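There are 2 protein chains.
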Amino acid sequence: MRTDKTEVTNKNAGKASGNNNSYNINKQSIGKQTVKFTNPPAIVSRACIVGQMEGEGPLSSFYDQIEPDPTFGMNSWEEGESEMVRRAIQTAISKSGLSKDDIRYILGGDLLGQLIGTTFGVKGFDIPLFGLYGACSTCGEGLSLAAMLVAAGYADNALAVTSSHYGSAEKQFRFPLEYGNQRPLSATWTVTGSGAFVVSSTTDINIMSGYPKISAVTTGKIVDYGVVDNMNMGAIMAPAAADVIYQCLEDLSMKPDDFDKIITGDLGKVGSEILIKLLRDNNVEIGDKHMDCGVEIFDCEKQDTHSGGSGCGCCAVTLAGYILHNVENGTWKKILFVPTGALLSTVSYNEGQTIPGIAHALIIEA
Amino acid sequence: MRTDKTEVTNKNAGKASGNNNSYNINKQSIGKQTVKFTNPPAIVSRACIVGQMEGEGPLSSFYDQIEPDPTFGMNSWEEGESEMVRRAIQTAISKSGLSKDDIRYILGGDLLGQLIGTTFGVKGFDIPLFGLYGACSTCGEGLSLAAMLVAAGYADNALAVTSSHYGSAEKQFRFPLEYGNQRPLSATWTVTGSGAFVVSSTTDINIMSGYPKISAVTTGKIVDYGVVDNMNMGAIMAPAAADVIYQCLEDLSMKPDDFDKIITGDLGKVGSEILIKLLRDNNVEIGDKHMDCGVEIFDCEKQDTHSGGSGCGCCAVTLAGYILHNVENGTWKKILFVPTGALLSTVSYNEGQTIPGIAHALIIEA
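One line per chain: the protein sequences are G and V, in this order.
Going by the numbering used here, the residue at position 31 of the first sequence is 31; the numbering climbs one at a time, nothing skipped.
Going by the numbering used here, the residue at position 85 of the second sequence is 85; the numbering climbs one at a time, nothing skipped.
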């Protein structure tokens, strides 16, 4: 482990005494991949909009809106996904008590080529946009960057948003729904849902307490175990999740017992087993702390979703609903939230390439 | 214009006197969309790898590598694009004198669905990745975020990389090359090229001088004038470029004469005319300062590239080569660099949606 922290402390000390013009750099990088915030930003508002099937799942009571129309009143799945994004952003801003002019940045992305779910969902808000792609890890990427920009003082408030839609995703990545193909038990079910979060500075005394805070982020690398099965996304993402969880614990000198829950994005049942085993092989035991949003979001037996839910929306709506509810009411005081992505493209896949994975980790505290 | 700056100064003053535990937030946001860095990060290294046609253009002497093989020794255009990304990163790191372990983040993206150009290009480097999508504005998005993360102290060094490839882009967005379709004069030619930049903190005395610095960034919003012609990308992007240039000048109380050049990404000839007219209608005259990378990169008459070059790689390789050469040798002391993106997707386009634009602006100083 690199000892950046010490090195930096010395560097700052020298600066402070030697040069009055130098500004006091807010150095918070720790270890190889982690940033621990001196002044953690808060998630002051959250919204989740889902489709009918998600609304029939076990977490139904935690959603802001359940929409029975798969096109959300629009003309296509893609336009429906954008409408879902628009509603999530609108709801999150409304619940925050802020106006859209108070939001300095949107950090958003989705699974579709050129991020059309996000583009047409955010365009009416007239807010500066950083478009992101990290497959189903995008929720972690967006929240990480939102927290980093807010903690650095570039914004008082930033909004992170992600979405996925079963119809638009299956059409793009696998088969047209009309084809009615068979799905293996390792396959996951893309969640129709969008989650949005307003991340705010806590230097303003009015919002210093009561909200969940993002206290650290560990940014993931691409991890490629050479898997080429697009019906087994859990196996693709599990090594990336293991890698970023291991590094987060290492960078912060923490252990799984320091958390009430370690929550992955959409590994599903198959991927979750692989994750636990991979970490166990590296002497990290998370078995009793681990939960996966993909496993929780559907009743996989009754709803016939096989290995579980997936998609950018899966962990985003689970965080915006069930998870942050439990953090806010004190059930969980500190969690490690790890959205996981499989960087699947039909073009590279059909050209015989592997499907690499990536995952980002955030520590969220009550 | 909001007066965030004053408000923030007061807030910090109150904090500093009232609470010893509060940390000195590095508040640099100005106006609606701009961040001006107290301690501007430097571009300490830059690399540009291009294809044969770019190598035959007027800027050929500024490129690091000109590769005659359109697949860069690989099996497909897409794999070739990734190889180009890999070489750009490798070259930029080598030229910086750093090792890959010194690079804390890669901020990268390209035009292809799910960013496969970037994914397979960066995966061997084992560096934490933020995947970005802003169409051809991605170079501006990546450099903006790299500068923000470095200036905030989250990283000593971050690398921004973008790419585009004529073959893979035409295949994805328009027609297979084998089809040999006619192109209208408003059409641009996707540049085969990848540009990579190492952005470093200037708090270390050793790298404080001699390198171009990113002193401010203005983050763009989606601007949609309702254009639906995918053969006229310049007209799509010009309003977004006008919007972000206008806002940058407004936020910083600057005027075009404060810059030696105002350089847009890939508006081409058609889009450049629209940009100049749009700003003139708003009492901003940039005619004598304006330059467009898309116009410069090819000899449009001789090379039959119609309105000019385009693609993520167009402004990235022009910046990494010709532009920063002129900043480093003192020809241009201060420039406004404005990569422009058309958020084109064949899915939304074929469903009858418009093609919105986005642009991001950076001030780069000698």
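These are calculated hints, taken from the structure and not from any lab test.
Where hints are given, some of them may not hold.
A pair counts as met if it fits within one copy or between any two copies, since identical chains are not told apart.
[To be verified] Okay, derived cross-link-like pairs now, DSS-like style, lysine-lysine, Cα gap no bigger than 27 Å in a straight line:
#1 K100 / K277
#2 K95 / K32
#3 K333 / K32
#4 K100 / K32
#5 K32 / K171
#6 K302 / K334
#7 K333 / K123
#8 K32 / K269
#9 K100 / K171
#10 K171 / K261
#11 K123 / K334
#12 K302 / K95
Since this is a predicted model, take the numbers as computed values, not measurements.
Do the hints match the structure? See the list:
| no. | hint | result |
| --- | --- | --- |
| 1 | K100 / K277 | neither (45 Å within a copy, 30 Å between copies) |
| 2 | K95 / K32 | between (36 Å within a copy, 23 Å between copies) |
| 3 | K333 / K32 | within (26 Å within a copy, 36 Å between copies) |
| 4 | K100 / K32 | between (36 Å within a copy, 12 Å between copies) |
| 5 | K32 / K171 | neither (38 Å within a copy, 39 Å between copies) |
| 6 | K302 / K334 | neither (32 Å within a copy, 63 Å between copies) |
| 7 | K333 / K123 | neither (36 Å within a copy, 35 Å between copies) |
| 8 | K32 / K269 | neither (30 Å within a copy, 46 Å between copies) |
| 9 | K100 / K171 | neither (33 Å within a copy, 38 Å between copies) |
| 10 | K171 / K261 | neither (34 Å within a copy, 45 Å between copies) |
| 11 | K123 / K334 | neither (35 Å within a copy, 31 Å between copies) |
| 12 | K302 / K95 | neither (33 Å within a copy, 58 Å between copies) |
Of the numbered hints listed earlier, those contradicted by the structure are 1, 5, 6, 7, 8, 9, 10, 11, 12.
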